[in-house]
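A.B. asks: Sequence:
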Amino acid sequence: MERNKQYSVEEFIEKSSVHYEQRNYQKSREMLERVLEIRTKQLGEDDVAVAWALHEIGNVLWKEESLNDALEKFNRALPIRVEKLGRHCDTAETYTSIGNILKSQDHDEKAEEMFRKALDMKRELLSNDHPDVTDLCLYLAKALKKQGKYSEAIKVQKLQLAKLLEMRGEDHPGVVLIYNGIAELLQIQHRSDDALRLLDLAIEICNRLEIKKSLVTTLRHKANILNEEGDFEASAAILTKVIMVQIETDGEMHPKTAQVYEDLAIAYIQQDMIEGATKACAKAIKIRRKELGNDHPKVKELALTLGMLDLQQYPRELNEQGLAMKAVGESEKAVQLFQDALDIYEETSHIDPFSAAVYENLSAVKVDQGLLEDAIAASAEALKIRRRTLGDDHFDTKRRMEAHRSLLKRLLENRS
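In full-length UniProt numbering, the protein residues as written are 1 to 416.
If you are wondering where the hints come from, they were derived from the structure by calculation, not from laboratory data.
C-beta atoms are modelled at their ideal positions from N, C-alpha and C, and glycine is treated no differently.
Just so you know, not all the hints are guaranteed correct.
Computed cross-link-like contacts, DSSO-like style, restricted to lysine-lysine with a CA-CA straight-line distance of at most 27 Å [claimed, not checked]:
#, residue 1, residue 2
1, Lys279, Lys298
2, Lys212, Lys333
3, Lys110, Lys41
4, Lys145, Lys158
5, Lys146, Lys63
6, Lys333, Lys290
7, Lys41, Lys103
Computed beta-carbon distance windows for the label pairs [claimed, not checked]:
#, residue 1, residue 2, range
8, Lys146, Asp120, 17 to 27 Å
9, Gln336, Gln189, 21 to 31 Å
10, Arg191, Leu67, 25 to 35 Å
11, Gln189, Lys27, 37 to 47 Å
12, Thr389, Gly169, 41 to 51 Å
13, Lys384, Lys63, 42 to 52 Å
14, Asp392, Asp200, 32 to 42 Å
15, Ala237, Val48, 30 to 40 Å
16, Tyr314, Asp120, 55 to 65 Å
Start from the sequences, fold in the hints, and give me the full structure.
C.D. replies: In structure tokens, the structure reads:
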């Protein structure tokens, strides 16, 4: 009976909204296509209600990542809105949507044009402290940034910042967004200290206003800058806190929660903390699979990363077992376990800095067995990996270099 029931336009719209909230975008789009069909028959192809349906279908197609189809719908809606509505917020919304798709397709000059038209309308129709105006300043700045126009992008955001500070003071959500936007551009210009100062100001505002979503965004931004600066421990510490706030705000299975887990996995990998990275990556892939399905490129990329992390974890376990055998004098078993770990790295052609530690442990066992030439060969491999992954000036490389010289010296003394 449900399948044959005739719904009104309002009911189709309501059902579309429900499906959209449930992220069932195909069903949502099908409901809107029925709305478009009905309204076109009733009102003609150039009615504002038809433009509304076209715009909403475009939004859903955008969510489905069908960018060209979405752009086609927005481009059909735009001339209707320009003619029938003129300088109207709905017209500005379509300009904005077209600009965002063009930006994602790297048509940055055209995107800039769309954002400027939308911003001009929104400034006229709304107050300068309206969230839509701030958002458009950020969109425009991103389009300018992609063209390498960093100074102009900063200028656009500083102008909006000045208006917000004048009208609302510093304790305003829009100020947080602008601070983040300017910090992103400062980071590109290698002005990380200035970027971090702005982000700290944004974090203070978020805490005062208790705006958790912006707090998550700002803390992630700060963590990413610290990660780029090589302070991986501080980055991971921040992201661990972000996870708790993010789950409290949007829940465990939200796509933004997956993003934070992905950031945390990278921070752990940078610190060679494979177990933590594996757990974070596993959490992320669970969320992404539910959101995107198993065949999505993002899911496949995470699965590959998780596989590589698992691959790194097993040799580490073998190394630990080898050390345990060495400690109780089971040299042959220790050698076999170390060699098994190294074989995995060799079979997969995977260069892991940790493999240097396995070679060093193997070298130590060979010394215990009195096999100095074998010990030197293993030490030489460890030194080669240390140089390749850490450079000659790193402490661990220098330490291995000294140990290797000591082994060579000992061999020469034995021969003489």
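A.B. asks: Indicate, hint by hint, whether the structure satisfies it.
C.D. replies: Against the structure, the hints come out as follows:
1. Lys279 <-> Lys298: Roughly 17 Å between the alpha carbons, so the hint for Lys279 and Lys298 holds.
2. Lys212 <-> Lys333: 54 Å, violated
3. Lys110 <-> Lys41: 33 Å, violated
4. Lys145 <-> Lys158: 14 Å, holds
5. Lys146 <-> Lys63: 22 Å, holds
6. Lys333 <-> Lys290: 44 Å, violated
7. Lys41 <-> Lys103: 34 Å, violated
8. Lys146 <-> Asp120: 17 to 27 Å: With Cβ atoms ~21 Å apart, the hint holds.
9. Gln336 <-> Gln189: 21 to 31 Å: Since Gln336 and Gln189 have Cβ atoms about 54 Å apart, the given range 21 to 31 Å is violated.
10. Arg191 <-> Leu67: 25 to 35 Å: 33 Å, holds
11. Gln189 <-> Lys27: 37 to 47 Å: 45 Å, holds
12. Thr389 <-> Gly169: 41 to 51 Å: Since the Cβ atoms of Thr389 and Gly169 sit about 50 Å apart, the hinted range of 41 to 51 Å holds.
13. Lys384 <-> Lys63: 42 to 52 Å: 49 Å, holds
14. Asp392 <-> Asp200: 32 to 42 Å: Check passed, 36 Å falls within 32 to 42 Å.
15. Ala237 <-> Val48: 30 to 40 Å: The hinted range 30 to 40 Å is violated for Ala237 and Val48, with Cβ atoms some 52 Å apart.
16. Tyr314 <-> Asp120: 55 to 65 Å: Holds, at about 59 Å.
Checked against the numbered hints above, the structure violates hints 2, 3, 6, 7, 9, 15; every other hint is satisfied.
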